[in-house]
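On the provided structure of chain W, position chain B as indicated by the hints.
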Amino acid sequence: MPRLVIDDREIEVPEGTKVIDAAGRLGIMIPRFCYHEALGAVGACRMCAVKFLQGPFKGVQMSCMVDAKDGMVVSTTDAEAVAFRKWVIEWLMKNHPHDCPVCDEGGHCLLQDETVSSDHSRRRFLGSKRTYRDQYLGPYVQHEMNRCIHCYRCSRFYREYAGYRDLGAMQIADKVYFGRFRDGRLESPFSGNLVDLCPTGVYTDKTSRFKVRRWDLERAPSVCIGCSLGCNTVAGAQFRAVLRIEARTNPDVNGHFICDAGRFGYSYTNGGAGFRQRPREPMAAGAGIGREGALERAFGALEEVARKYGPESVAALGSDRNSVETQCALKKMCAAKGYLPPVFFLDPAARRKTCEAVARLDERIAFSRSELESADFVIIAGADPLNEAAMSALALRQAFRKGGRIVVIDPRPVSMPFDFEHIPVVPEAIPRIFGMIVANSIPGEGGGLDANAGKFLRKLDRRSEDATLQSRIEDLAAGLAAAKRPAIVCGTGIVDETTPAFAADCALLLYRAGKRAGVFYVLPGANSYSSAVLSENDGRTFADILEAMEGGSVRALVVVENDLFRNFPDTRRLEEALARLELLIVIDYLPTGLENRASVFFPSSTAFETGSTFINQEGRAQFAHPVHAGGVPILGGSPEHVFRPDVPGGGQKPAWSILHGLETGLSGSGGISAEEIIASHPAFGAIAPLRYPVDGVRVIPVQSKEEFTSQSVSGGEPAPPRGLRLLLVDWMFGTGEISAYSDTLLESIPEPVLTMHSADAERAGLLDGQEVALRLEGGTVEVRLRVTEKMAEGVILLPRHQNLRWQKIRGFPALIDPERIAAL
Amino acid sequence: MAEIPQVLFKNRKPDRVLSLEEYREMGGYEALRKCVGGGLPPKEVTRIVTEADLRGRGGAGFPAGKKWEAVPDSGDFPRYLVANADEMEPGTFKDRMLIHVNPHAIIEGMILTAYAFSGSKGFFFVRPSYESSAFILERELAFAKEAGFLGKNILGSDFSFDIVVHRSGGRYICGEASALLNAIMGKRPNPVKPPPYPTVRGLWDKPTVVNNVETLANVPYILRNGPEWFKGLAVGANGAGTKIFAVSGRVVSPGAVELPMGTRLSEIIDVHCGGMLPGSEFKACLPGGASTRFLAKEHYDVRMDFDGLRAVGNRLGTGAIMVFDHKTCLVGATLNMMEFFARESCGWCTPCREGLPYMRDLLRRIESGEGRAEYIPLLKTLCGEVWNAYCALAPGAAEPVVSLLQFFEEEVREHIARKGCPFHA
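So the sequences go chain by chain: W and B. Sequential numbering of the first sequence, starting at 0, is according to numbering that gives the first Met the number 0. Sequential numbering of the second sequence, starting at 0, is according to numbering that gives the first Met the number 0.
Looking at chain W on its own, in the form it has when it is part of the complex (with noise of 0.2 Å):
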């Protein structure tokens, strides 16, 4: 450990920490440009100098390239460090226009920071001003290379970091131009970055362009809930709009960055398009009726349900985007009014394996994103990383950059911005595959197990009867054996119900072989952990709820932030029971339909309204700070000159407040405590009353119970389907809930397609771009057709896709007689 001095003070670093971060830990902020801690140091811009007066450097040096190193004294003011650092500073600014009042980046600018502190304030240089041209760079990024200072982030980051080569450095001198080749959308999803990297103007976020200046937004620390990692963001409001999304930095969960799903899709709480498509007041049967009166209605008409037909004849549904607030307090109003407990899950399926995928996180494997970072081999198992938790594909590019093996076992076309092998087999085939590798990795029987992992390892198969495979296993096998921090990523989407608590027992078996290894799963939804753990000892799903509605047992529906039509892959079903229900109330924020349909419905906050808990895949118990009050959006338009004391378009409570009002009957900010959150679930003692709300504690146990108890998966190849198994997939842009009601991502969505493999094509004489009708059970699905090699045989991929009509699915898995593909 290097001791240093850097302006007479003393630090104690670590090997290899460099002088710059040394400076750093002592609150010392040497200026910079091309510095940054997730993308290294490369020494373009010379801000950074400083001068050593001690130590193996002398003189001036750029503390971002130098070692702390012991015996080094440094000083970051020293008056020829200080004259160079200005001297940086007088270049760069002799091509900058002096565009600030118009410029987004104005009060949050770097290159206006370290210009003012360094005191360069007129220009000497005589000289023309460079200029460049602007390209479109799609809906996102404002591209202004004119202001630009070329410290290379933002091709560091594109194309060594994030692995896009769209964009890049071009030309020489003091011509070089950051951009592509011509005009057009950047295609990296992650190119949002951009706009938080640049340390100056030149990207801009275009969403929020020209709308608001930096320091008049209300900004508050909060959490992406696009999908189950749980994104750190900034979130920044004003007049009423969330305007933008910045990346928040946890080194725990998402490093610096975030994807642009993410970043640009939160126009949802304004209401989409023109601000109009949020239901923002109190509504029974389509007419708005006051937020008093709504109660009244609602209460009174749940008591008359359990009156006539017992509480239990009432039900309750959640869904993954409830906060945990929202889903004890749902939990805690069934139990004080003996409701049938709220069911979270459509299907048993799904429950399933969300819920064997938590039970087995514990301290020992659970891996983190950051973890994953630095495996240096992973085995994807049935998940599509870049469609299904973006942020997690940035990772492991990180861990193929550090020279990681990645193989992927998925039927889909898997696409990820790095070199990776892919073993496409249908669902069924996955764990036996990354089974027969991981078993393969130990030697002999697996002497110096204990007892229990001995078991799993010799229940294990290792041959495959296909010698192609088998060879390509053991080559894996080798590569696995050598790994010392293994990972397994393993969806809970399109894989068998077995499939996740398997992978568990894997990467079990391979930590008590003595690895770091670790199971990273990918869940369905952003609180798919709280879903998972409220529902652990209640095996049932929407599919009972639905029954009993059938069966008339069931006479009133509590819908809690769920989009029903969207999700429930059987529409008329789906609207045959709920036309049945005496009474449905729906509380949401999304305009999902059910809001037309309900007996009574409330309007409900977002996550960037009030304060609220979300707990990611890894078990990470996160809060959302509001950051805003809420209310129809002013921008655009000269606001109303009326005084009235709430806010226009206010009507929203916390979901948990309305339920709250549900059980009681009374109105007001009541809600749910702390208390009251810890008692819902043991899992949930790791948040201590006094130190709610809480942020970045892990809620997992040290050890699960679970241990090895997984379904062997032996016995040979699966035998071959009848007909080609339909799965239902998601995409990175169109197929989100939430992200169908943000206008501001419209222009990302791409268009369905049903994908399947060419094989399979050939033989139902069907090809690649034609416009196919699929029958389904429950209608005709008509949706243009693409035919690929790089995905297994057997399986039709459909998207869940926001403008296919696809919900017509009687149930799974759904097996599809090629006959009923035809070309329109």
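What the hints contain is simulated information worked out from the structure, not anything from laboratory work. This structure is a prediction, so every number in the text was calculated from the model and none was measured. One should not assume that every hint holds.
[Said to hold, decoys possible] Only pairs whose alpha carbons sit at most 25 Å apart, straight line, appear in this in silico DSS-like list of lysine-lysine: (1) B:151 to W:85; (2) W:57 to B:12; (3) W:401 to B:205; (4) B:192 to W:174; (5) B:186 to W:401; (6) B:205 to B:42; (7) B:186 to W:93; (8) B:192 to W:57; (9) B:65 to B:144; (10) W:57 to W:68; (11) B:120 to B:144; (12) W:93 to W:128; (13) B:192 to W:68; (14) B:144 to W:85; (15) B:144 to W:174.
For chain B alone, coordinates are given in the frame of chain W:
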């Protein structure tokens, strides 16, 4: 002049290259037969070259043997050798001459060098405007391969080596070793600061040696004749071997001449280049390309070797001597070079990318009559500040300016006082 030893240029043909046969008749590829065919241990090759004190002819003057030794014994395979023929230093044309006179000396030198550190693939990195050189090299490489000097199991040994000609994209910075390696790998040719040195992690992270072609061409002769012979070629106590001086400017017969290391500047100009042009007086010269300092008349007798020039605060550089007479405006000459350097900056670091155009602007103003007295101290400050650049391009670009202000400040002041260039009156 019969006593001047000619090594690289021996038997130089006025209109064509030395053929493989002619080269072999002069003893060519004997060193290869002795070392590779005869099983001389690779370490021994390095030792002999180190002992001969062969220093890099590309500008930096780093001992070649030391560079090869820097490839660690435990280093990864395959290992690469790059012959740097990206000769873009203004005024320099010695590598081109060498390729057009004696290509097989370079080829044999490359094979021997690769043998010394177990390299298996060589790259000839050729400037694109040297297309004729690239053509010659490709042709002669094919002959060498046919003769069994290249390819698998050279001369029956277990040593295999092959060479490809790589045409550069054609920028000055591509001549910088680390930028050159990036260029070969298809990346932007930005320099990369060591460590790790290319000899440890170069092309595709494998050990790579980059040598100038003139350096490589000397290797076969050293191995054939021994280090003492090589040292004896030089005149004066310091230095070893011969040096190709590429002389241009106001002399009677400009061109490339091979002379003993340490030959006096006065002798090069007066004896070997026929003296100054009639009516021209020696005013100054750049001794080693555009990134060295002006040598004023007072140093006319300096010994042209690494140490001789260091003693007068200058560098041997590439040995490209540009001679200026009393009728040449040195502000204009300096500006011309600054135009080149500012244009050829790779654009990576601020002092070079923005600082050189700043200096260029001041020089342009002085030359065009818009100069002010405060530009002189400003230029002096800038010459110091650009030393904090990432690589040696910007400090090199500042060298002519530094010496302009050191030896010819009066001429600069005259430009400012007369509001224009006195030479263009």
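Here's how the hints hold up against the structure:
For the proposed pair residue 151 of chain B and residue 85 of chain W, the alpha carbon gap of about 57 Å is over 25 Å, so the pair is violated. Distance check on the hinted pair: residue 57 of chain W and residue 12 of chain B sit about 52 Å apart at the alpha-carbon level, beyond 25 Å; violated. Of the pairs offered as hints, the one joining residue 401 of chain W and residue 205 of chain B holds, with about 17 Å between alpha carbons and a cut-off of 25 Å not exceeded. Of the supplied pair hints, the one linking residue 192 of chain B and residue 174 of chain W holds, its CA atoms being roughly 23 Å apart against a limit of 25 Å.
Between residue 186 of chain B and residue 401 of chain W the CA atoms are separated by roughly 19 Å; this keeps the pair inside 25 Å, and the hint holds. Proposed proximity of residue 205 of chain B and residue 42 of chain B is supported: the alpha carbons are some 20 Å apart, at most 25 Å. For the hint pairing residue 186 of chain B with residue 93 of chain W, the CA-to-CA distance comes to about 29 Å; that exceeds 25 Å, so the pair is violated. Taking the CA atoms of residue 192 of chain B and residue 57 of chain W, the gap is about 17 Å. The hint holds against a cut of 25 Å.
About 29 Å separates the Cα atoms of residue 65 of chain B and residue 144 of chain B, which puts this hinted pair outside 25 Å; it is violated. For the hint linking residue 57 of chain W to residue 68 of chain W, the alpha-carbon distance of about 13 Å falls within 25 Å, and the restraint holds. Proposed proximity of residue 120 of chain B and residue 144 of chain B is supported: the alpha carbons are some 13 Å apart, at most 25 Å. Distance hint between residue 93 of chain W and residue 128 of chain W is fulfilled; the C-alpha atoms sit about 7 Å from each other, no more than 25 Å.
This hinted pair checks out: residue 192 of chain B and residue 68 of chain W have alpha carbons roughly 19 Å apart, not beyond 25 Å. Distance restraint check for residue 144 of chain B and residue 85 of chain W: the Cα-Cα separation of roughly 57 Å exceeds the 25 Å cut-off, and the hinted pair is therefore not satisfied. Only pairs whose Cα atoms come within 25 Å are accepted, and residue 144 of chain B paired with residue 174 of chain W is rejected, the gap being roughly 43 Å.
Of the hints listed earlier, those the structure fails to meet are numbers 1, 2, 7, 9, 14, 15, in rising order.
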